[in-house]
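Top line first, the protein sequences correspond to chains W and Z. Mapped onto our numbering, the consecutive letters of the first sequence carry residue numbers 1 to 416. Mapped onto our numbering, the consecutive letters of the second sequence carry residue numbers 1 to 228.
Treat the hints with care, since some could be wrong.
What the hints assert, rightly or not - Below are the SDA-like pairs computed for lysine to any residue, each with C-alpha atoms no more than 20 Å apart in a straight line:
no., chain 1, residue 1, chain 2, residue 2
1, W, Lys148, W, Leu184
2, Z, Lys137, W, Lys49
3, W, Lys403, Z, Lys137
4, W, Lys49, W, Gly140
5, W, Lys49, W, Leu226
6, Z, Lys84, Z, Ala70
7, Z, Lys84, Z, Arg74
8, Z, Lys137, W, Asn18
9, W, Lys162, W, Thr114
10, W, Lys403, W, Ala273
11, W, Lys49, W, Ala273
12, W, Lys162, W, Gly140
13, W, Lys162, W, Glu186
14, W, Lys49, W, Lys148
15, Z, Lys137, Z, Lys84
16, Z, Lys137, W, Thr114
17, W, Lys148, W, Asp123
18, W, Lys49, W, Pro352
19, Z, Lys84, W, Ala273
20, W, Lys403, Z, Ser75
21, Z, Lys137, W, Leu184
Please keep in mind that the hints were generated in silico from the structure rather than gathered at the bench. Note that the coordinates shown come from a computational prediction; the quantities given were computed from them, not determined experimentally.
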Amino acid sequence: MTTPQLIWRNVWRNVWRNPRRTWLTVAATVFAVFLVVVFVAMADGMHGKMIEDAVRLSSGHVQVARDGWLENRTLEYSLRLSPELDAELRATPGVLGIAPRVSNAGLLSHGEATQGVLLLGVDPPREASVSSLSSRLWRGAFLPASVKRPLVLGAQLAENLKVGIGDQVLLYSIAYTLENAYELFEVSGTLRLPDRDLERGLALIRLDDAQHFFALGDRISEVALLAAHASEVPPLTASLETRLPLSGAEALEVNAWNEVMPELEQFIIIDDAGMYVLLLILVIVVGFGILNTILMSVLERQRELGVLLALGLRPAAIFRMVYAESLLLAAIGFAIGLLLALPVVAWFTAHPIPLSGAEMEAMAELVGMEPVVTFELRESTLPGVALTIFGVAALAALYPALKASRARPVDALRGL
Amino acid sequence: MLEARAVHKVYDSRGAETHALSDMSLRISEGEFTVLAGPSGSGKTTLLNLFGGLDEPTSGQIRLDDQDLAACTRSELAELRLRKLGFVFQAYNLIPVLTAVENVEFVMELQGVARAERRRRATGMLAELGLGELTSKRPLELSGGQQQRVAVARAIVSQPRVVLADEPTANLDSTTAGGLLDLMQTMNRERGVTFLFSTHDPMVIERAARVVRLRDGRVVADETATSL
Ligand SMILES: Nc1ncnc2c1ncn2[C@@H]1O[C@H](COP(=O)(O)OP(=O)(O)OP(=O)(O)O)[C@@H](O)[C@H]1O
Ligand SMILES: [Mg+2]
Chain W
1 MTTPQLIWRN VWRNVWRNPR RTWLTVAATV FAVFLVVVFV AMADGMHGKM
51 IEDAVRLSSG HVQVARDGWL ENRTLEYSLR LSPELDAELR ATPGVLGIAP
101 RVSNAGLLSH GEATQGVLLL GVDPPREASV SSLSSRLWRG AFLPASVKRP
151 LVLGAQLAEN LKVGIGDQVL LYSIAYTLEN AYELFEVSGT LRLPDRDLER
201 GLALIRLDDA QHFFALGDRI SEVALLAAHA SEVPPLTASL ETRLPLSGAE
251 ALEVNAWNEV MPELEQFIII DDAGMYVLLL ILVIVVGFGI LNTILMSVLE
301 RQRELGVLLA LGLRPAAIFR MVYAESLLLA AIGFAIGLLL ALPVVAWFTA
351 HPIPLSGAEM EAMAELVGME PVVTFELRES TLPGVALTIF GVAALAALYP
401 ALKASRARPV DALRGL
Chain Z
1 MLEARAVHKV YDSRGAETHA LSDMSLRISE GEFTVLAGPS GSGKTTLLNL
51 FGGLDEPTSG QIRLDDQDLA ACTRSELAEL RLRKLGFVFQ AYNLIPVLTA
101 VENVEFVMEL QGVARAERRR RATGMLAELG LGELTSKRPL ELSGGQQQRV
151 AVARAIVSQP RVVLADEPTA NLDSTTAGGL LDLMQTMNRE RGVTFLFSTH
201 DPMVIERAAR VVRLRDGRVV ADETATSL
């Protein structure tokens with residue numbers, strides 16, 4: 001074995017032999033690392049916020065329901081939230097909020113107007129531990145106890161139905177018993193929601209009113225759970241799945257947010273894919289820069305490499321030497337790139353950028369989030385970037401290193 | 001020790017064939033002090049490169065210590081060079097990023113000689129060659145003759161069995177060249193190091209124990225001095 005120290009000394013000095021070329025290559029690497037880290041953190045931040053907002057708007061991070069609920073969404077798949085089940089959910093580590101719900105489709109009529117709605121029966125205090133629905137109240141009150149059969153509507157829905165606070169509307173649906181169910185509800189408030197479809201189609205009533213309306217007894221259709229963060233969902237669902245009965249008469253199912261809202265996950269995947277393709281192209285361009293630098297330096301040093309071979313340095317050692325030069329360039333670029341990117345990411349993580357401009361707001365509204373850009377540096381990002389940069393540097397070094405180590409000493413000696 | 005058996009070397013550059021060596025057979029025994037003499041283009045460098053395993057003959061065999069070099073892998077050849085051979089090339093052959101003393105230490109470093117020991121030997125050798133002041137200079141800061149002496153120091157300091165030197169005195173004045181020859185002859189006498197080098201220099205030829213004269217890639221004379 002050739003002493004690594006000897007190799008590293010040569011590598012280090014070789015890299016600084018042409019400082020301008022080295023710095024140019026390093027600068028390209030720095031640029032790539034900076035952009036990759038900042039863009040990935042920005043995308044992760046935006047997507048993370050989309051998920052957290054969407055999850056808090058309605059679905060919760062995880063939903064527990066009767067097995068088959070997600071696929072069918074009919075009251076046939078309802079469950080009883082027994083005190084034991086409730087206690088089990090409360091005792092599950094990572095569960096921050098528990099909101100039992102009855103959810104079903106219905107029709108609302110007022111005067112001549114009729115609208116199809118997503119009807120959600122909620123228990124206001126428990127609902128507040130999971131979703132932000134009650135805080136999005138625009139007019140009136142949120143399902144107050146003082147009103148008999150109160151109803152809260154999306155503001156747009158209220159407008160379409162031409163109803164105001166205090167108006168009576170007729171709710172119509174099919175009950176658990178498959179009989180027709182209809183009842184008058186009194187509009188107690190309206191909601192402004194970042195999701196337009198939801199604002200046009202969501203109607204909230206009290207959980208007990210819903211159970212009565214649908215003749216459900218004490219049954220509900222789902223329990224929405226809140227976790228600290230979407231990243232904690234996989235362990236949470238795993239632990240729920242070990243704690244809850246997943247088979248038998250009252251078999252349950254545990255649905256993560258991405259199963260409840262597959263369209264949101266799809267949007268994120270597509271958005272990520274576009275960005276990663278661009279970043280990969282950038283990194284590949286940098287890879288060619290490294291290839292060029294290393295190849296040039298190998299070609300310039302033909303004679304010197306010949307001398308090294310003649311002195312008895314083994315071809316494998318020459319290969320390692322050229323390889324180390326490439327990795328050293330990548331390492332310097334990576335280190336400086338991180339040094340520049342991390343403060344930027346840290347700053348914007350602490351200070352989200354409010355989006356302005358009608359277009360941005362429209363786009364943000366489209367996906368149901370507030371118009372703010374947040375950054376989030378995930379644990380996996382830096383190792384991922386490091387792996388990519390060093391992987392590309394390793395690939396780029398392959399050809400020059402092979403060329404250098406395969407040279408016949410006599411040709412190399414004549415090479416100048 | 002070193003042997004060429006019916007070696008042909010043909011260079012083929014852009015269709016034109018050059019017969020650098022034709023049916024060359026030569027045997028160098030352990031402990032010899034031999035000079036290859038001959039006009040420019042007679043094949044001296046070619047032969048030295050073949051002996052050093054830096055190039056392969058077109059036909060014929062090169063043997064080092066009764067081992068056919070053609071049978072060695074590139075890695076084994078490197079190992080052979082490291083353990084047995086010292087090289088001085090015709091044109092400057094130092095590693096530009098290393099200082100003079102680091103250049104001289106390099107082979108010992110590869111051989112695994114301890115740091116203090118190799119530094120001591122390298123500085124001692126440089127001092128002996130009149131380069132004591134220049135140990136920390138890089139090759140580009142040295143004159144051609146100084147570089148040549150550093151290369152000689154590097155070739156002999158690791159105490160190889162054979163030193164192959166291509167015109168080691170070409171860039172030196174006669175006094176320095178004489179000093180270098182003294183040193184090599186001492187090593188040859190006292191340590192039994194085999195020397196084979198090419199030269200145009202009549203003074204060098206005069207001091208050699210054996211002179212092999214080449215012309216057009218053939219041995220035209222092989223004289224052993226009796227008057228030494
Ligand atoms: N790589 C090569 N390609 C083509 N011809 C070559 C090559 N190397 C050497 N030759 C030719 O082979 C012959 C022998 O060359 P060599 O270098 O061995 O001569 P030499 O005796 O060392 O000459 P000098 O004293 O000038 O150094 C010359 O005719 C030379 O032109
Ligand atoms: Mg020559």
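Each hint tested on the structure:
1. Lys148(W) - Leu184(W): 10 Å, holds
2. Lys137(Z) - Lys49(W): Outside the cut-off at roughly 61 Å; violated.
3. Lys403(W) - Lys137(Z): Violated - the C-alpha atoms of Lys137(Z) and Lys403(W) are around 30 Å apart, more than 20 Å.
4. Lys49(W) - Gly140(W): 29 Å, violated
5. Lys49(W) - Leu226(W): 15 Å, holds
6. Lys84(Z) - Ala70(Z): Holds, at roughly 17 Å.
7. Lys84(Z) - Arg74(Z): 15 Å, holds
8. Lys137(Z) - Asn18(W): Holds, at about 19 Å.
9. Lys162(W) - Thr114(W): 10 Å, holds
10. Lys403(W) - Ala273(W): Violated, because 36 Å separates the two Cα atoms, which is more than 20 Å.
11. Lys49(W) - Ala273(W): Given that 20 Å is the threshold and the Cα spacing comes to 18 Å, the pair holds.
12. Lys162(W) - Gly140(W): 15 Å, holds
13. Lys162(W) - Glu186(W): 14 Å, holds
14. Lys49(W) - Lys148(W): Violated, at roughly 37 Å.
15. Lys137(Z) - Lys84(Z): 28 Å, violated
16. Lys137(Z) - Thr114(W): Since the Cα atoms of Lys137(Z) and Thr114(W) sit roughly 94 Å apart, the hinted pair is violated (cutoff 20 Å).
17. Lys148(W) - Asp123(W): This hinted pair holds, its Cα atoms lying about 15 Å apart.
18. Lys49(W) - Pro352(W): Roughly 11 Å separates the two Cα atoms, so the pair holds.
19. Lys84(Z) - Ala273(W): 58 Å, violated
20. Lys403(W) - Ser75(Z): Roughly 15 Å separates the two Cα atoms, so the pair holds.
21. Lys137(Z) - Leu184(W): 99 Å, violated
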